[in-house]
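Listed here are the chains, written in short residue letters.
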Amino acid sequence: MYSNLIIDLMQIIMLTISTVVVMMTTAFKRDHGLISGLTVFGLFASLLTFVFIQPVLPLEATQLLIIDEYSLFFSNLIIVGAIGVALLAYPYFQNHNVQNEEFYILLMTATLGAVVLACSNHFVSFLLGMEMMGVSLYAMIAYPVHAAKSAKFPLEAGVKYLILSALTSGITLFGIALVYAYIGTMGFDEIPAALEAAGELGPVFLIGVLMIVAGAAFKLSLVPFHIWTPDVYEGAPVPVTAFLATVSKAAMLAVTLRLLLVSNAIELNVVTTVLTVMAAVSIIFGNLLALLQENVKRLFAYSSIAHLGYLLVIIIAAAKIPGALSVEGVSFYMLAYFVMSLSGFAVISALSNSEKEYDQLADFRGLFWRNSWVSAVLITVLLSLAGIPLTAGFIGKFYIFTTGVESELWFLLTMLIIGSAIGLYYYLRLIYIMLQPAEDDANDPAAVSLPLGAHAVMAAMTAAIIYLGVYPAPMIDTLQSLASAF
Amino acid sequence: MEMPTVTMQVIPMEHGLLLAAILFIMGMVGVLTRRNLVFILMSLEIMLNATGLAFIVASSHWGQVDGQIMFLMILSLAAAEVAVALGLVLQLFQKRKTLDINVLGEMKG
Amino acid sequence: MLDLLWLVPVIPFIGFLILTLTFGKLPQLAAGIVGAGSIGLSFVFAFLAGSSFLGAEISSYSQTLWTWMSVGDLEVGFTLYLDGVSLVMMYVITGIGFLIHVYATGYMSGDPSFARFFSYMNLFVSAMLILVLADNLALLFMGWEGVGLCSYLLIGFWYKDPNNGYCARKAFVMTRVGDAFMAIGLFTLFVSTGTLNIQEAMLEAEAQWVVGSGVATAVTLLLLGGAVGKSAQLPLQTWLPDAMAGPTPISALIHAATMVTAGVYLIARTHVLYLLAPEVQYLVGVIGAITLLMAGFTALTQSDIKKVLAFSTVSQIGYMFLALGVGAWSSAIFHLMTHAFFKALLFLTAGSIILAMHHEQDIFKMGGLRKDLRWSHALFLIGTLGLVAFPGFSGFFSKEEILATAMENHDGGYILYLAGLLGAVMTYLYSFRLYFLVFYGKKTHDGHEVMGLHLQGPLVLLAIGAVFAGFIHIPVEGVFPEMEEHHPSVMAQAAMILLPMLGGLLAWWVFVKGKVDTEKLAGQGFGAKLHRFWFTQWGMDWLYDKIIVTPYTWLAEVNKNDFIDSIYNGSARAVRFCHEVMSETQTGELRWYAISIAYGLLLLVVLGVLL
Amino acid sequence: MILVWLITILFAGGIGAWLSEKRNPELPRVIALATILLDLFLVVLMLVAPGVLGLDSASQAELGQTGEWLILSSSEWIPRFGVAFIFGADGLGLLLITLTVFLGLMSLGSAWNEIKERTGFFYFNLLWTLAGVIGVFTALDLFLFFFFWEVMLIPMYFIIAIWGHENKEYAAMKFFIFTQVSGMLMLLAILMLVFFHYQSTGEFTFSYFDLLGTAIPDGFGFWVMLGFFIAFATKLPTVPFHNWLPDAHSQAPTPGSVILAGILLKTGAYGLIRFTIPLFPEVSADFAPTAMLLGVISILYTAKVAFSQNDLKRLIAYTSVSHMGFVMLGVYAWTSQGVQGAVMTMLAHGFSAAALFMLAGGLQHRIHTRQMDKMGGLWGVAPKMGFMAVFFTVAAVGMPGLGNFIGEFLVLLGSFRISIAAASLAAIGMVVAAVYSLIVIQKVFHGENKNNLVVEDLTTVEMICFGFMMIGLLWMGMYPQSMLNMSEPTLRSLGVLFFQ
Amino acid sequence: MSVLFYGSAIIAVLATLLVITRTNIVHALLYFIVSLLAIAVIFYTLGAPFAAALEIIVYAGAIMVMFLFVVMMLNLGQVTQDQEKAWLTPSVWIGPSIMAVPLLVAVIYAINLNQEQMAHTVVGGKEIGVALFGPYVLAVELASMLLLAGLVGAYHLARK
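Chains as they are written, first to last, in my numbering: chain A, 1 to 486; chain B, 487 to 595; chain C, 596 to 1206; chain D, 1207 to 1706; chain E, 1707 to 1866.
It cannot be assumed that every hint is accurate.
[Unchecked claim] List of simulated lysine to any residue pairs, SDA-like, C-alpha gap at most 20 Å:
| hint | chain 1 | residue 1 | chain 2 | residue 2 |
| --- | --- | --- | --- | --- |
| 1 | D | Lys1590 | C | Leu612 |
| 2 | C | Lys620 | D | Lys1656 |
| 3 | D | Lys1580 | D | Gln1648 |
| 4 | C | Lys755 | D | Val1661 |
| 5 | D | Lys1656 | C | Tyr761 |
| 6 | B | Lys594 | C | Ser1191 |
| 7 | B | Lys594 | C | Leu612 |
| 8 | D | Lys1590 | C | Lys1037 |
| 9 | B | Lys583 | C | Gly962 |
| 10 | D | Lys1590 | D | Thr1666 |
| 11 | D | Lys1656 | C | Gln623 |
| 12 | C | Lys1037 | C | Gly962 |
These are calculated hints, taken from the structure and not from any lab test.
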């Protein structure tokens, strides 16, 4: 029993140990390479523990955490993302003239928070996971604040994220409090029974749920809680942006979906309506905002708003169709989006460093002819984001359409099509710019030596995009089995 | 062991929650109106504190421990958050010689 | 030898291919030999096939080369069909065609695009042969369109002058209007009878259709539309004078004497249908009558030698239509044949005159040429006499038949007869006006006869034809319904012969004696208006320009950028605008961000409370 | 498997061409040529001696199909959704594959001397487009079909965006967005269809054969059909979805225009014939009058717009829309003549439009303009070009004896049976076609050579290409039966109305 | 007891109101501490003495003092105070305050339950301790990591 518990928590334990090891090492020897290597190693070790965890699934590790295939999938995804971020961070901070080592500690704690969030089955662990990730992220976003010549506006981004995030954390917590006040339990899976005992649905409960939704929507950057996204994406160092776009979203999504499905909240009329409105508006606003964006990081930020809107469609579909298909679809889309984003930010990161980021559209002019490989990766990402076949994005979009059709969400599907149409414009615009002949320009980002780690990330993620797009069957099987729990 | 039961006068849970809500919204208004970063942080603390209150009220209603545990967690969260936030306050002041958050408006569009 | 029939249209086509694909690299002599020789060879085969056909004493012969298209119930073979009528047409086309080609080798010699010219000519002959030999209407349509194409190419032959190009396009488009009608006619016929084979369709129609029924009327009207376009009859005749822009005068001949008879041939070929739609048949006659008069008047006012001849052709085809309208099928074909001889003679002689006059075509700048150009004078006179149907000349026999039939025809044929008679007067008038103006009067310019066997040789042969063709018996019995023999009274015959001669006298009186000042007459007051009216073909061109061409070009110009495009561009602009507006919300101000989140929360909570 | 090979060879050849550029910029075109020739060889083998390739009917039986399918193969892909690799070709498919490979060769010919920059990537895109198109013509799983539908789009986008002319960004974007958005509608429709099939049978499948005859709940049929229709009508294109075409065609480099006009448009028509109508027979029948009307409007409206264009390529592009109007008309008449005519129009237009674009492209390459008012009198300097222009223009006008005539004639005949008005109006198209076509000859080749343009006449490579296309058009015009026979069994199996 | 509750509630609200309206940071902090103390009293009335103690020790004692340190460190003087006055114009606060009203109304409407009463039990430190090291043991561990993250972050950011 206990041994099983330990095995179950192995990933979390490994992450914790690695964090401590990294911290201790930092205390004795500040060496960027060593620390980043240790971090990557620690993360890898944590990732690999899933081999041991797999056979003993599913298990509730106390009432706080549940480790099942679903959470394991997301944990793995999160750790992979963290490895990617660590690999990107090393070259990015290489020339950063102040201490870099804390970044890795923060990365570890953020990852730990994300994993906890993904596994959480209780509002306490939800809070802890979310805040562990959040607090680490405040510092990570503002990390280069000391540098004499920092690439962007880390301070501004940090403060913005901190205040807005704290504000919404407060809202979420208050929502949790209301829910708790109404039903008297904080475990996700106890909610339906408690609700039944409470009799009819009180507005307190509904408002509490909606406040929790608001908090989740903030982290997922859904309209109207999206507004921080572009500024923070832009101001944060690229690896952190990558973390925000991938790990943070995946973790939050995992827990939100679990909460909505396990508590049956998705079947509440109010929740469905609110989510529908959010999805529609996110799709349209996100795409509209991205339309003529000149900064690639902001462009990705806006497009992430739209993509999370797409994702929401699958979640909403769960109200009418078996939750399993919905979970399968969400997981796939999240996986696809995760891979695409990581790959995209890897490209930007590969071209950038902590003193200068190449994230203007103009910086990408002619990239295809100067550095075909990097630009091919970015083109693949953009096409995938646009949902073109041969890429993971297409299968993801296929899931949206399938679930949308099955639950007859015609309105959202219409929005989806309109949004995608607008979306095509800016993805193609960036592709077009890369394809044009380069102007003679001293600021040649491709001249920056491309580090091995970034290449590895790009290669792995691109391979994943194509593989998932061309032969998704094995992954679909996996997701199908993990979704069967719902 | 039996818990010591203290008979208290009846206070409806609504009133507790109401107080929490009022404090919460006051904190929120503070966040929205102030321009000084420290005030904003204080307002955020008010909000957090109000949620803590709400948990205590709820836990009292249900006679459970869980709400108080949550309060503890909120406490530690507040501590961690404030620590980082004050770090940022220092940086802001150091860099801009002001605590006005309106100077942090360089990214837009 | 009948099975060599397919070679008749194919040989000219091969000639065309050779001439085209060498892209002008062929020396002129070789090009001439290929160009004219292919037609000659074709004539030989036509003659061989024709004589064995006549010898075999069969009413028709068909040769299927391959299945063209077979789709569902549509069965169209690449099948040649020979009977009396197509035999006559085949002879005319290859025979006269050969003479024209020979003449052209002389006429066109030295032109830089010599080979190109002959390639078009060969293609023309090939298409024309397919037209007349077609066993079904689809194949006929192929020839029909083919000659139209060649006409386009020949009119625009001298491409450097944009006006030629314009005329060519006009001709093509206008005949295409007719073709479109004809195509619809074919479809109607097919849907109604289930076949496009001419003979079968006619049998089916006879069996199925009621006389005067809607479908019969529709089909015949539509086919008439095609015929009218190709044969330059009212109201689609206006392209023809412009067609004279082509190389003088050979292409003119193509247009004026050969291709335009296709309409006559079509109606004659499908006469059974017309018999089932008597009103339409009568309409054919009426169109013929009006056209022949109108063209007559117009011819009277023209000053270009080629245009006078062109309008005379229109007028003569009007006669043929008139003949068709009164049921004188064989007479129409007969007149077609005789007309081919004398009109070819006239055109080619006119060509000689033009050559002699150094490419001067204005008849008012000629005059008194009968001494200088003896050959041309004699030949032209023969042609003119044929044209005016002077007794004993070929035209006389055919025209007399037509008028006689028209007179005897009781269903309104009498009016047609009178129109025909008036037309005959007009014919005399304009023909001799031309003749007198060119060969009599004051001599203003010198001309030197250009001599050569390939110039005069064909002319002489044609002249012989123009005189004696009237004695040829065309083997069309069995093709057309038996016509009763017409024996008009002596008086009527005399009137028919003598009355038109008044026109000749008038011409002599006016143009040789100079009794009337034509310039004054045409230059002032009502005369001027009338002249103008006649000269411009009764204002038809103007009318078309105003009601079709101008509105169409205007419409096209107005919508040059395709207004549907602006719908899409407009929505793109709208999206862009939305983007601008949306971007304003991203102010970068933290407080505003916080407020927006608070409002979002408010929205959610209100929604939660309300729902 | 042979079909898979056809596609794979092109994919592989494309990659090979791309990689070989580093070695020698001349190499990619040679590789592309070899690739296409290899494909052509296989196609010819399929046509002439199917036995050699071991094309058997065993696979047909396996899929429960008989008869018309010449080649059929299937294997699993995404079993979760019943998605499978089902490739098949019947007479119609084979005709269109042949057209594709042949015109691929032609476009290669036009690229041979024109594309000098970034050759590797160019030929990569060229070959991948072809692969996508062949995929479209052979895929019998709707998912797979959609997959290829999009695959042919991307390389084409690259071709326009990189090698296009002055306004390429706009054109490429428009092209992409139009096709992609309409494609999404189709995806939606496909999924609805699959879902309805799932509802009635409890089985997820995208197989064309299984989806035929799916019972669709009342009220939905029309919308599902419309999703397909809009996608195909956009590709075809039909007014009012045609606006991407003039821009894309005029801005694309010559080989791109050739492929666009010659092949890509045909996928729309193919989709209508293969999918839209057979999958939704009743709804389509109700919808047919509207579609025919759209066809007629396309014919007349775009002919009028074409007439006023000054940009040569744009003009030809609009005429393409006009011609595709005939296809729409014929297909929705759904009679044997109408559909056969549509097929013939597709084939013949593939040749004539491709040739005209090659001419226009050749001219632009030589005198660096597409504005017709800057040309004139070119016959004198380039008679071969002039001849070719006349030939292909005349073909486009619908001269009997050439392929286009057969198509238009049959379409008109076939639709006449269904709607006299539509066919009669469309017949006016014959007249207006003459109006706009001849103006090209007039403005470009006739008249004085005002600007003293010196134009090099057609090169040998070009002459060979044009020669092939001439022969092709003549063949189609004189002996269309060879093609009609191939497509007939297909149409019979698709339920086209055969009057006997 | 209820007098204590309502009295403290009023004090808490008033003190909080003062916190968000003061211009002098130190004054505001002091009012905040007052508010916290009042809330601690409320906790006590609700039967949560342990929480009440923590409220005072951790919140008022530690967190607020941290604030105070920073304020002192930055040495914000009269200038800042004047600035605050200038910033806090009605045009700035009216909007959010008005927005707050419907929000409050909605929440009040929502939490208007059937006058459910709060429990009569006191949950003391011992129970909490048992729970913390029983079912919530992981939470404690995780909270430590949370604090670690805060620590590292603050350490990094607060560096000169």
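Here's how the hints hold up against the structure:
1. D:Lys1590 to C:Leu612: 14 Å, holds
2. C:Lys620 to D:Lys1656: 26 Å, violated
3. D:Lys1580 to D:Gln1648: 12 Å, holds
4. C:Lys755 to D:Val1661: 16 Å, holds
5. D:Lys1656 to C:Tyr761: Distance of about 17 Å is within 20 Å: holds.
6. B:Lys594 to C:Ser1191: 15 Å, holds
7. B:Lys594 to C:Leu612: Measuring from Cα to Cα gives roughly 71 Å; hence the hint is violated.
8. D:Lys1590 to C:Lys1037: Not satisfied, since the Cα-Cα distance of roughly 49 Å exceeds 20 Å.
9. B:Lys583 to C:Gly962: 110 Å, violated
10. D:Lys1590 to D:Thr1666: 11 Å, holds
11. D:Lys1656 to C:Gln623: 29 Å, violated
12. C:Lys1037 to C:Gly962: 6 Å, holds
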